[in-house]
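Spelled out, the chains give:
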Amino acid sequence: MTKKQKKMLTRILVAALMLIGLKLIPTAAFSRLDGLLFPGAGRWLRLALYLVDYAVIGYDILRKAVKGIIKGRVFDENFLMAIATVGALALAIYENGDYAEAIAVMLFYQIGELFESYAVGKSRRNISQLMDIRPDYANIEQEGRLIQVDPEELTVGTVIVVQPGEKVPIDGVVTEGSSVLDTSALTGESLPREVQPGDEIISGCVNLSGLLHIRTTKEFGQSTVSKILELVENASSRKSRSEDFISRFARVYTPAVCGAALALFLLPPVIRMLFLGLEAQWGQWLYRALTFLVISCPCALVISIPLSFFAGIGGASRAGILVKGSNYLEALSKTRCVVFDKTGTLTEGVFAVEGIHHSSMENEKLIEYATLAESASSHPISRSLQRSYGKEIDRSRVTDIQEISGQGVTALVDGTRVAAGNDKLMRRLGIDYVPCRSVGTIIHVAIDGTYAGHIVISDLIKAHAKAAVSALKAAGVEKTVMLTGDASAVAEHVAQKLGIDQVYSQLLPGDKVAKVEQLLAERKGGGKLAFVGDGVNDAPVLSRADIGIAMGALGSDAAIEAADIVLMDDDPLKIAKAIKISRKCLRIVYENIIFAIGIKLICLALGALGLANMWLAIFADVGVMVIAVLNAIRCLFVDKL
Amino acid sequence: MKKTYKIEVDCANCANLMEQAARKTPGVREATVNYMALKMTVEFEEGQDPKAVMAQVLKNCKKVEDDCEIFF
Chain W
0 MTKKQKKMLT RILVAALMLI GLKLIPTAAF SRLDGLLFPG AGRWLRLALY
50 LVDYAVIGYD ILRKAVKGII KGRVFDENFL MAIATVGALA LAIYENGDYA
100 EAIAVMLFYQ IGELFESYAV GKSRRNISQL MDIRPDYANI EQEGRLIQVD
150 PEELTVGTVI VVQPGEKVPI DGVVTEGSSV LDTSALTGES LPREVQPGDE
200 IISGCVNLSG LLHIRTTKEF GQSTVSKILE LVENASSRKS RSEDFISRFA
250 RVYTPAVCGA ALALFLLPPV IRMLFLGLEA QWGQWLYRAL TFLVISCPCA
300 LVISIPLSFF AGIGGASRAG ILVKGSNYLE ALSKTRCVVF DKTGTLTEGV
350 FAVEGIHHSS MENEKLIEYA TLAESASSHP ISRSLQRSYG KEIDRSRVTD
400 IQEISGQGVT ALVDGTRVAA GNDKLMRRLG IDYVPCRSVG TIIHVAIDGT
450 YAGHIVISDL IKAHAKAAVS ALKAAGVEKT VMLTGDASAV AEHVAQKLGI
500 DQVYSQLLPG DKVAKVEQLL AERKGGGKLA FVGDGVNDAP VLSRADIGIA
550 MGALGSDAAI EAADIVLMDD DPLKIAKAIK ISRKCLRIVY ENIIFAIGIK
600 LICLALGALG LANMWLAIFA DVGVMVIAVL NAIRCLFVDK L
Chain Y
0 MKKTYKIEVD CANCANLMEQ AARKTPGVRE ATVNYMALKM TVEFEEGQDP
50 KAVMAQVLKN CKKVEDDCEI FF
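Protein sequence lines correspond, in order, to chains W and Y.
Residue numbers for the first sequence follow numbering that gives the first Met the number 0, beginning at 0 and rising by one.
Residue numbers for the second sequence follow numbering that gives the first Met the number 0, beginning at 0 and rising by one.
Since the hints were derived computationally from the structure, they do not count as laboratory data.
Be aware that one or more of the hints could be misleading.
[Stated by the list, open to error] List time: in silico DSS-like cross-link candidates among lysine-lysine, alpha-carbon distance up to 27 Å: (1) Lys38(Y) to Lys66(W); (2) Lys2(Y) to Lys5(W); (3) Lys6(W) to Lys5(Y); (4) Lys63(W) to Lys3(W); (5) Lys121(W) to Lys23(Y); (6) Lys3(W) to Lys23(Y); (7) Lys6(W) to Lys2(Y); (8) Lys62(Y) to Lys66(W); (9) Lys23(Y) to Lys66(W); (10) Lys579(W) to Lys527(W); (11) Lys465(W) to Lys364(W); (12) Lys6(W) to Lys23(Y); (13) Lys496(W) to Lys527(W); (14) Lys579(W) to Lys465(W); (15) Lys38(Y) to Lys3(W); (16) Lys6(W) to Lys38(Y); (17) Lys38(Y) to Lys2(Y); (18) Lys63(W) to Lys62(Y); (19) Lys423(W) to Lys465(W); (20) Lys58(Y) to Lys70(W); (21) Lys66(W) to Lys2(W); (22) Lys121(W) to Lys50(Y); (23) Lys472(W) to Lys333(W); (24) Lys390(W) to Lys472(W); (25) Lys1(Y) to Lys70(W); (26) Lys63(W) to Lys2(Y); (27) Lys2(W) to Lys58(Y); (28) Lys63(W) to Lys5(Y); (29) Lys70(W) to Lys61(Y).
[As the list claims (entries may be wrong)] Residues of chain W clear of chain Y, computed beta-carbon distances all greater than 12 Å: (30) Thr9; (31) Ala54; (32) Ser116; (33) Cys298; (34) Gly313; (35) Asp431; (36) Leu572.
For each residue, glycine too, the CB sits at the ideal point set by N, CA and C.
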């Protein structure tokens, strides 16, 4: 608790004890004073004691109310509380009745305020702790000793030292040492990542085991961790429609209720007197009008809606999903159509050996021959073969390499003639080959002029891609679309395998914008369209869609700039998770709006009919606020979604 | 030019009032108060001195809510 809150708590406790004490002394006990001193002494003493109690709990509210009136800002909550309690006190003085009610109203109001400031402060700290990835210092080596410096002062190319247990302060490349990194603060992924000299390393990771020397490649301000912090801290500045609605509502609601209270005070007694010939009952209608005022404070809404979004964005960032603003979280919850850019989102974006068919020898042997024959090439195909081969390549085993452009290579491997290439190469060499029905790039291998089988290489579908598409369907997405520059056979094959509804293939980067625009025009109603890209060359599409989602964006500045939602790792399942988080958050927002407005309206009606007293009114105000705040904090818990 | 300042304010409604007050200050093109992060982002008009404008913003904010603070 802060100093302010502690002071408030003391005031509340003192006032509450005084109130209980005063309540225990019966009015009759005061009346006996009349005989001892002067007539009415007991009544005055009782009033004085209650007024002291009232001053203890409410002096700041009264002061603020007076200031508000002086500044011409009448309808704020301080004013409402001041009028309601002073009115109730006046009524009690007039009737020598129950002063406790007015004091209790003030007391509960203050308890509510205290709770609100405590809860908000607490969740603010919780959420900032989640995002506590800001490194405070960087170590540099000077004359054999480590010294700590401000990371902002370091220039690109400085070598920094990161000890086990420390955060990596700036993006860079490992020059010395190997270790295991905990990236969970950035990606929500708990699996540690190994790094070795030459590996790129991003700031915000925690070094778990070994000492690392890192040559920085960026300035602190341009590093991943700074970008992410900036993004998250600015997130709730972009307000959602629900938040706008609430601030507009609050502006209208409070004056409206005050007007209604005034009408409730004046109209019924006047009507009773003039038209019905009954007694005016001013006291009773004043009481009802004051009850109205207590209910009229819009705090529950004003605080709980932004808090829900704040907690939702905080919870999402813990799961490795960065949302750039409440408005995007709101839009995401209405997603009906998800458009994927195939490469890098549903597929790995790297080619890999998918299968070996009709091989006349062991598969490993075939790969070995093909890899060695292709070893001089830097083509992605050659690299994927090398990855699959997995061993060091002994170049001395390969001689007489001839590349035939657009067809393949022939070479002497261990003295045997190996040909590796496509259909055209086989036809050219006059080798009888078996055509392949699989989709992908086919490499036929022939050894000493005899066909030895073929290797299928394709862009690997991500492990979770299929699960991700069905999870999206389960989360209420009606249409999934895939855009790709690939040939239609490959595209159709991938789409079918994953259960994608619609495919557009052989698109140039520019065509993707056009396709997304076409899809935007086709959609019906309020459903939103989300585009998922890997952040490479798709910035225009990311910004054109209702919601641009960039995945695997760690270290890619362009993607972080252009996207509205950034997935820190490249797991497509996170898209469905993000949608679920947004749905949960928005559900809580609507719950709070309906609950708070509903309870207030009911209490207003009951108050007008004289069925609600101030105790119910204070529940309608403080109780609803407490419940709404607690409900809002639920947005933070997203692990099980 | 856009700058972000740390602020101190007690209630969400007061933060809204501060936002409105900041927006109406001459020299400010756009202002948003983020109550949750306790931050105020101000976009200044061309050629304005942020320090001078912020002094005015603080004055206007104090007018609507004297229990607030802006650190600049």
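Tested hints:
Of the pairs offered as hints, the one joining Lys38(Y) and Lys66(W) holds, with about 25 Å between alpha carbons and a cut-off of 27 Å not exceeded. The hinted pair formed by Lys2(Y) and Lys5(W) fails the criterion: a straight-line CA distance of about 33 Å is larger than 27 Å. Only pairs whose Cα atoms come within 27 Å are accepted, and Lys6(W) paired with Lys5(Y) is accepted, the gap being roughly 24 Å. Distance check on the hinted pair: Lys63(W) and Lys3(W) sit about 16 Å apart at the alpha-carbon level, within 27 Å; holds.
Among the hinted pairs, Lys121(W) with Lys23(Y) is inconsistent with the structure: their alpha-carbon atoms are about 32 Å apart, more than 27 Å. Between Lys3(W) and Lys23(Y), the direct Cα distance comes to roughly 30 Å. Violation of the 27 Å bound is thereby established for this hinted pair. For a cut-off of 27 Å, the pair hint linking Lys6(W) to Lys2(Y) is broken: about 34 Å separates their Cα positions. For a cut-off of 27 Å, the pair hint linking Lys62(Y) to Lys66(W) stands: about 10 Å separates their Cα positions.
Among the hinted pairs, Lys23(Y) with Lys66(W) is consistent with the structure: their alpha-carbon atoms are about 21 Å apart, no more than 27 Å. At roughly 15 Å between alpha-carbon atoms, Lys579(W) and Lys527(W) fall within 27 Å of each other, so this suggested pair holds. At most 27 Å may separate the alpha-carbon atoms for a hinted pair to count; Lys465(W) and Lys364(W) exceed this at roughly 32 Å. For the hint linking Lys6(W) to Lys23(Y), the alpha-carbon distance of about 35 Å lies beyond 27 Å, and the restraint is violated.
Under the criterion of a C-alpha separation no larger than 27 Å, the hint pairing Lys496(W) with Lys527(W) is consistent with the structure, at around 25 Å. Restraint check for Lys579(W) and Lys465(W): satisfied, since their Cα atoms lie roughly 18 Å apart, inside the 27 Å limit. Annotation: proposed proximity of Lys38(Y) to Lys3(W) holds, straight-line Cα distance about 20 Å (limit 27 Å). Distance restraint check for Lys6(W) and Lys38(Y): the Cα-Cα separation of roughly 25 Å lies within the 27 Å cut-off, and the hinted pair is therefore satisfied.
The suggested pairing of Lys38(Y) with Lys2(Y) holds, with an alpha-carbon distance near 10 Å, which does not exceed 27 Å. Pair hint Lys63(W) plus Lys62(Y) holds up; C-alpha atoms about 12 Å apart against a cutoff of 27 Å. The hinted pair formed by Lys423(W) and Lys465(W) fails the criterion: a straight-line CA distance of about 34 Å is larger than 27 Å. Restraint check for Lys58(Y) and Lys70(W): the C-alpha separation of about 13 Å stays at or below 27 Å, so the hint holds.
Annotation: proposed proximity of Lys66(W) to Lys2(W) holds, straight-line Cα distance about 24 Å (limit 27 Å). Taken as a hint, the Lys121(W) and Lys50(Y) pair is broken in the structure, with Cα atoms around 32 Å apart against an allowance of 27 Å. Taking the CA atoms of Lys472(W) and Lys333(W), the gap is about 13 Å. The hint holds against a cut of 27 Å. Straight-line distance between C-alpha atoms of Lys390(W) and Lys472(W) comes to about 42 Å, which puts the hinted pair past the 27 Å bound.
Proposed proximity of Lys1(Y) and Lys70(W) is contradicted: the alpha carbons are some 30 Å apart, above 27 Å. Distance hint between Lys63(W) and Lys2(Y) is unfulfilled; the C-alpha atoms sit about 31 Å from each other, more than 27 Å. About 25 Å separates the Cα atoms of Lys2(W) and Lys58(Y), which keeps this hinted pair within 27 Å; it holds. For the given pair, Lys63(W) sits about 24 Å from Lys5(Y) by alpha-carbon distance, which is consistent with the 27 Å threshold.
Distance hint between Lys70(W) and Lys61(Y) is fulfilled; the C-alpha atoms sit about 11 Å from each other, no more than 27 Å. Even its closest Cβ contact with chain Y, about 17 Å, leaves Thr9(W) beyond 12 Å, as expected for a residue assigned away from the interface. Non-interface call for Ala54(W) relative to chain Y: holds, since the shortest CB-CB distance, roughly 19 Å, exceeds 12 Å. A beta-carbon of chain Y is positioned within 12 Å of the beta-carbon of Ser116(W); the least distance is around 6 Å.
Its beta-carbon lying about 7 Å from the closest one in chain Y, Cys298(W) breaks the requirement of being farther than 12 Å from that chain. The beta carbon of Gly313(W) is not kept farther than 12 Å from every beta carbon of chain Y, the shortest such distance being approximately 9 Å. Annotated as non-interface, Asp431(W) keeps its C-beta farther than 12 Å from every C-beta of chain Y; the closest such distance is 69 Å. No Cβ of chain Y comes within 12 Å of the Cβ of Leu572(W); the nearest lies about 28 Å off, and the non-interface call holds.
Checked against the numbered hints above, the structure breaks hints 2, 5, 6, 7, 11, 12, 19, 22, 24, 25, 26, 32, 33, 34 and satisfies the rest.
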